[in-house]
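Chains as they are written, first to last, in this note's numbering: chain U, 70 to 437; chain V, -4 to 173.
Honestly, the hints are just simulated from the structure, not real lab data. Be aware that a few hints might be false.
Here are some of the chain U residues that sit facing chain V, going by a computed Cβ distance under 8 Å [said to hold, decoys possible]: (1) 82; (2) 94; (3) 111; (4) 118.
With a straight-line cut-off of 25 Å between C-alpha atoms, the simulated DMTMM-like cross-links for lysine to aspartate or glutamate are [as the list claims (entries may be wrong)]: (5) U:264 - V:144; (6) U:264 - V:139; (7) U:405 - U:389; (8) U:134 - V:40; (9) U:134 - U:337; (10) U:99 - V:139; (11) U:313 - U:337; (12) U:256 - U:286; (13) U:256 - U:224; (14) U:181 - U:337; (15) U:150 - U:123; (16) U:256 - U:317; (17) U:216 - U:294; (18) U:313 - V:142; (19) U:186 - U:293; (20) U:264 - V:142; (21) U:181 - U:144; (22) U:264 - U:280; (23) U:405 - U:393; (24) U:216 - V:144.
As the structure is a prediction and not an experimental result, all values here were calculated from the model. Backbone N, C-alpha and C define an ideal beta-carbon position, used for all residues, glycine too.
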Amino acid sequence: MDFFLNRYRNLTALLVAILAQLGLLAYQIKSGEDVRLIRVWAVTAVTPLARFIEGGRGGLAHFLKNYFLLWNVQEENQRLKADLDRTEMENQYLRAQLSTADRATALAIFQKTSQSKTLAARVIGNTTDPNGRAVIVDRGAADGIQKGMAVIKPEGIVGKVIGVFPHAADVLLVTDPSFAAGVVSQKNRVHGTLKGQGQSTVIVDYIQNEETLEPGEWFLTSGDDLVFPRGILVGQATVVRPGKIRKEVYLTPSGTQSGLEDVLIVLDGVHGTITEAPLPNQPVHVLPPPDNDAAADSGADPRPAAGSQPAPQSVATDLDRSVEHYRAVGAAQNHKYGDKNSPAPNYNVTPDSPVRPPSPPPSSPPRP
Amino acid sequence: MSEARGRFRDSAGAAASSKYHWTVIVGVPLAAILFQVYVPRFFADLAYLELPLLVTVYFSLTFRSPMAGLLYGASVGLAQDSLARPQHPLGMYGIVKTLVGFFTAFVSQRFDVRSSSIRAILAFFFYFFHEFFYWVLSRALLGESVDFDPVRTLVRAALNGAVAAPLFLLLDKLKTTE
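Extracted from the complex, chain U is given alone in its bound form (with noise of 0.2 Å):
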């Protein structure tokens, strides 16, 4: 035996190496749980190298883009003051203002204005494994962060929390192939199960043949899933085709399309609504708000008064015109719509004429 292990020192080595690792890979696959205590250790030790990095990359990234901004602006500026009068000069200000503003603002628009609760993150490195689609964000248990909780973007969803670490935590994205999320479409309600290949498109799943999906019809987060709240935007549909058993629809995720830097991790998720009304980021053409000539033409006054029922933004039918006459009527004689016991207001005076008193309320209560 002696002998043997000396003649074959290397390869019995090497036998002990792979087994001992085999004997590892069978404890996690067997047992289903990971090996925490190591990962931990490597997350913590590169954590804050890599917001060091990512801290350096973002300083130098900002300067750059403000000093070549600012540089632009100068040039952008003297050539305008040459061709376009101001009006043109200030529109083209608010443009590059509009184009340059930024993400952070517009995280923290989205944040304040979701229902749901969330904390913004930061994306500061990938995962080493070949096949799968996962990046560490800078938040970890430590921020409140747990297993399961869904990560968007104003654009869309991002993916979902699958490992957490006290600074750190990692992130499936949408595009992994073993990410899972129930969607629906927006116009059809038709319900499916989104799934990442991947690549850069993702397929919705379980989608019948009979079912009626227009390609370009976009989806969003059912709720059914329990991790993502509902009416989150998913991506719009670029192919859809019948298959074999089901239909075949691949989707271009909206959240992953303009890179990963900055993100929101849903602590707190609150299920919205699914309106078919258009999304916010497709262009919607608006007429200008019309101006007060109906309102005057009728005599009554677009401004509410204090205290009284809000009116109509705009008097633009005849409807709303006879709501704000006999809205005159009424307060011109101190009545107050809605309350029982005050008599009917005498509507045959226009409330610039005198008002005789109204007749004292019936004895009987008055017929419905």
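Keeping the supplied structure of chain U fixed, place chain V upon it in accordance with the hints.
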């Protein structure tokens, strides 16, 4: 622990010893893993680079000891495993890189591996071996239905081999030869 020693056999057959400071032996693979974690976020085309593997091949060639090669490969592989997503169990990269470290050191004991072209060819071969064996393990042990595209893997192996040649020359600068 302050220095580690590897030996190259020169073309005349004489042995030349090479020493590395321990910070190089620990820092270089760490930098390679950080590169893999961080850089593909901004330069997705660089995701094909398997720098931890190239570093394992380089140091295993330098150590010329199968025992040291397998321990180094196992360490780098397990470190890489620990930074993968949680569904990826620890040991997958560890096993593959253990084999790579062992066989690389084994080859270096029998051949003159100081030539850049030989080292590039070894990097090419071991990249293909690494990817193929990882695919086999994924299917056999984890039951994952992962695609293996031989043509794409060969192209990536060639690219890694091309990167390995200048990278190994750069790493040669970090050693102190007696």
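Hint-by-hint comparison with the structure:
1. 82: holds, 5 Å
2. 94: Given a least distance of 4 Å, the restraint on residue 94 (chain U) holds.
3. 111: At about 3 Å, which falls below the 8 Å cut-off, the nearest Cβ of chain V leaves the hint on residue 111 (chain U) intact, so it holds.
4. 118: It holds, given that the least Cβ distance between residue 118 (chain U) and chain V is near 7 Å, below 8 Å.
5. U:264 - V:144: Judged against 25 Å, a Cα distance of about 22 Å means the pair holds.
6. U:264 - V:139: Measuring from Cα to Cα gives roughly 16 Å; hence the hint holds.
7. U:405 - U:389: holds, 19 Å
8. U:134 - V:40: Satisfied, since the Cα-Cα distance of roughly 23 Å is no more than 25 Å.
9. U:134 - U:337: Given that 25 Å is the threshold and the Cα spacing comes to 35 Å, the pair is violated.
10. U:99 - V:139: holds, 15 Å
11. U:313 - U:337: Violated, at roughly 40 Å.
12. U:256 - U:286: holds, 7 Å
13. U:256 - U:224: Distance of about 18 Å is within 25 Å: holds.
14. U:181 - U:337: Answer holds: residue 181 (chain U) to residue 337 (chain U) is near 14 Å, not above 25 Å.
15. U:150 - U:123: Answer violated: residue 150 (chain U) to residue 123 (chain U) is near 39 Å, above 25 Å.
16. U:256 - U:317: Distance ~18 Å between residue 256 (chain U) and residue 317 (chain U) Cα, so the pair holds.
17. U:216 - U:294: Holds, at roughly 14 Å.
18. U:313 - V:142: Status holds; Cα separation ~23 Å.
19. U:186 - U:293: With Cα atoms ~19 Å apart, residue 186 (chain U) and residue 293 (chain U) stay inside 25 Å; holds.
20. U:264 - V:142: holds, 17 Å
21. U:181 - U:144: violated, 36 Å
22. U:264 - U:280: Since the Cα atoms of residue 264 (chain U) and residue 280 (chain U) sit roughly 19 Å apart, the hinted pair holds (cutoff 25 Å).
23. U:405 - U:393: With Cα atoms ~14 Å apart, residue 405 (chain U) and residue 393 (chain U) stay inside 25 Å; holds.
24. U:216 - V:144: With a Cα-Cα distance of about 33 Å, the restraint between residue 216 (chain U) and residue 144 (chain V) is violated, given a limit of 25 Å.
Hints 9, 11, 15, 21, 24 from the earlier list are contradicted by this structure; the remaining hints agree with it.
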